[in-house]
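Here is how the chains run, residue by residue.
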Amino acid sequence: MRAVVPYNDPSPSRLRYRFERLWLKPSVRQLIRLWLPLGAVGLALFTTFNNEAIREAVQLKSTQIYEAVAARPEFQVTQVAFADVSEALQQQILTVTGLELPISSLKLDVVALKRAIETLDAVKSAQVRVLGGGTLEVLTVERDPVVVWRDGDVLRLIDGEGHRVADIARRSARGDLPLIVGLGAELEVAEAMRLLRVASPVTDRIRGLVRVGERRWDLVLDRGQTIMLPEYGAIRALRRVMALHQAEDLLNRDIIIVDMRNGERPVLRLTDEAISELRRLRTEVRGEDA
Amino acid sequence: MTPSLFEMQREMRARREAAVRRGVVAILDIGTSKIACLVLQFAPNVNAEPRGSDAVTVPTMGAFRVVGVGTTRSRGVRFGEIAVMDETERAIRTSVQRAQKMAGLRVDDVIVSFSGGRPRSYGLSGEINVENGEVTERDIGYAMAACDVPPYGENRQPISAMPVSFTLDHQPGLSDPRGQIGNKLAVDMHMLTVNDRVVQNLLHCVRRCDLELAGLSISSFASGLSSLVENEQELGAACIDMGAGTTGISVFIKKQLIYADAVRLGGDHITNDIRQGLQVDSTVAERIKTLHGGVVATGVDDREMIEVPNPMAQWEDERRHISRSELIGVMRPRVEEILEEVRERLDASGFEYLPSQQIVLTGGSSQIQGIDELATRILGRRCRIGKPIRVMGLPQAATGPGFAAAVGLALYASHPQDECWDFEMPADRIGTRNVRRAMRWFRNNW
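As given, the protein sequences belong to chains S and U, one line each in that order. For the first sequence, our numbering begins at 29 and goes up steadily by one. For the second sequence, our numbering begins at 975 and goes up steadily by one.
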């Protein structure tokens, strides 16, 4: 049998024992493992950046690096490519965005550019993107004018949504578009367009649509004829008038006003000559009878 | 009853409940040869889970799990009592630290068991008239206060005082009379006293390790809790916890401790005998005892030679050989002496009147080969070697009989029994003290 060596049995010193017990406390462990390093790093950062000179130096250095990167040819935008944009609008876009080429694409804020372009009246929506090879592509959807709106002394082109597209100097500049007049007329362009479609049998005679009291329309024809339409059901009323016109040739007669405002009782107003002629004819008939 | 330990027990109970609610409590079994520390983790829903390939379900006693175990050689402990405070403190620190390290948890509250202190049992009885017809907790407290306490000596203190059974109007054997209707309530109580100085030393030693005491028990009681099976506890059985310094005896019936005692003889004495008989070092003697020891000699043992190193050897190869029967011849008288002492104590306890008289041997020294045979012969009853009940998470190395007290203490922590101090005491016993304490509090704060 081997001689048995009396084994030493180590035991922790009181200090070590206390320390281990302290270490087993979750709060203490978290403090030392997490908060103490965080605090140290925080303190180091704070003391470093508390110094004005260091802060400025860091700022300067970072700006320099940024500039150096931004100035690289890979990031240069040298030209603007327009897709489906008219010549005049291109000019407007360049003016409104104030682009100075060449510019670094890092400094280019395409979202702001897009917003700036969309502030133009003639532009409905725009897309701006930087393509490879230093090209800035601008895609726009233009607004199509559908009517001319006489707003006081100004003639405006209005698109289907009532948005202004451009001003024109003379009515004859866009003779192809119908005219609407009156306060608030631009807000009801859609209805106006529908009315004009209904009135297509007399298209060549239409002078324009007048918005009355911001609530109803008058359809003005040549020879001073007016069709007064109700606030509600204007389309139906106009269809009735058109039907009458087809059947009785109404609008070619000596009539000034077709008043459809009261749907139950349409009223016709004749011209003065027509009235006197009517009276004359009536007395004649009565006289013969008498 | 001296108020100090009484008050302390209440305090310890509150602390234990708080610790169990918090989920972590440590068990510290201070023995003569080893100090074991278990860290228990209480969880609200730990279910039994099949462990290993044998798919045996581990019975869950309470809902705790052993998450840390630390065992170390005991130092400075003799006969289960602290002899050298510093050494013991170091040993406790070592085992607690190991257990904490294994568990990864810090423990603050420990439940301590010890084997020394010359425990002495008293059976008390008291009788009162039930106040309102229905037995309340108050009545139980009054009944216990009515027990006449025998003079147990100047330097002794009760360590446990448990109601064993109640009698309500001549109906005996009630375990919980609360809510029952009756006139006369009598209680049989078992009180255990130990040496005051031993307990105070132990408390001081634990406090010096920055630990708070959450319970105190004697190890023979704890061993009985863990190594007696349920119907042994119910029908009557004795647990003999054969430690290194002392041999504890606890007698249970109806799951209550009714007698506890200790013989101040144990495995260390056997080792000592071997040391003297064979002229070897104590470490060698211990080794020979654990490897080759036994108490029943057979013919084969004459031929089985054990090599014994000679401390007086002139050169390396000089060896002695003794036969195993010689070793048994050295060990057997001492074991017989221990068991005879135990028999005397058991006879004094009235063990023979119990319905069942199972005897269970446990503790480190019960691992000596053939001891159950010898014990059966000496004690005159069936004996078996008891290993502690399996608890969740206990490593294999800590499941032997030597850990019976530690495991029993863990069970005690999860299922504490109601003790005398858990009941409300009549005001005439504690009233003046309360008033005085209130006065003091007023004076200190205003």
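I should point out that these hints are in silico values taken from the structure, not numbers from a laboratory. Among the clues, some could well be false.
To be verified - Calculated lysine to any residue pairs in the SDA-like style (CA-CA distance at most 20 Å, straight line):
id	chain 1	residue 1	chain 2	residue 2
1	U	1008	S	111
2	S	142	S	111
3	U	1075	S	105
4	U	1158	U	1143
5	S	53	U	1347
6	U	1075	S	44
7	S	152	S	194
8	S	53	U	994
9	U	1075	S	52
10	S	152	S	215
11	S	142	S	105
12	U	1228	U	1249
13	S	53	U	1041
14	U	1008	U	1095
15	U	1008	S	47
16	U	1075	S	58
17	U	1075	S	39
18	S	135	S	96
19	S	53	U	1075
20	U	1075	S	43
21	U	1229	U	1361
22	U	1075	S	99
23	S	152	S	105
24	S	53	U	996
25	S	53	U	1184
26	S	53	U	1078
27	S	53	U	1082
28	U	1075	S	190
29	S	53	U	1076
30	U	1075	S	41
31	U	1075	S	47
32	U	1075	S	86
33	U	1008	S	41
34	U	1075	S	60
35	S	53	U	998
36	U	1229	U	1082
37	S	53	U	1008
38	S	135	S	155
39	S	53	U	1361
**Prompt:** Is it true that the CA of residue 1075/U sits at most 20 Å from the CA of residue 105/S?
**Reply:** violated, 66 Å
**residue 152/S paired with residue 215/S [C-alpha distance capped at 20 Å]** = Distance of about 17 Å is within 20 Å: holds.
**Message:** Please verify whether residue 1075/U and residue 86/S have alpha carbons no more than 20 Å apart.
**Reply:** Violated. Residue 1075/U to residue 86/S sits at ~48 Å, over the 20 Å cutoff.
**Message:** Does residue 44/S sit within 20 Å of residue 1075/U, going by the straight-line distance between their CA atoms?
**Reply:** holds, 13 Å
**Hint consistency between residue 53/S and residue 1041/U [alpha-carbon to alpha-carbon, up to 20 Å]** = holds, 16 Å
**Message:** Need the status of pair residue 1075/U, residue 43/S: alpha-carbon distance at most 20 Å?
**Reply:** holds, 16 Å
**Prompt:** When you check the alpha-carbon spacing of residue 53/S and residue 1008/U, does it fall within 20 Å?
**Reply:** violated, 27 Å
**Request:** Given the hint that residue 1008/U pairs with residue 111/S, test it: the Cα-Cα distance must not exceed 20 Å.
**Result:** violated, 92 Å
**Asked** Between residue 53/S and residue 1078/U, does the CA-CA distance stay at or below 20 Å?
**Response** Between residue 53/S and residue 1078/U the Cα gap is close to 10 Å, so the pair holds against 20 Å.
**Prompt:** Has the given pair, residue 152/S with residue 194/S, been kept, meaning a C-alpha gap of at most 20 Å?
**Reply:** holds, 13 Å
**Request:** Verify the proposed pairing of residue 53/S with residue 1076/U, using a straight-line Cα cut of 20 Å.
**Result:** Roughly 15 Å between the alpha carbons, so the hint for residue 53/S and residue 1076/U holds.
**Message:** Just to be careful, I want the Cα atoms of residue 1229/U and residue 1361/U compared with a cutoff of 20 Å; is the pair within it?
**Reply:** holds, 18 Å
Hints 1, 3, 5, 12, 14, 15, 22, 23, 28, 32, 36, 37 and 39, counting from the list given before, are not met by this structure.
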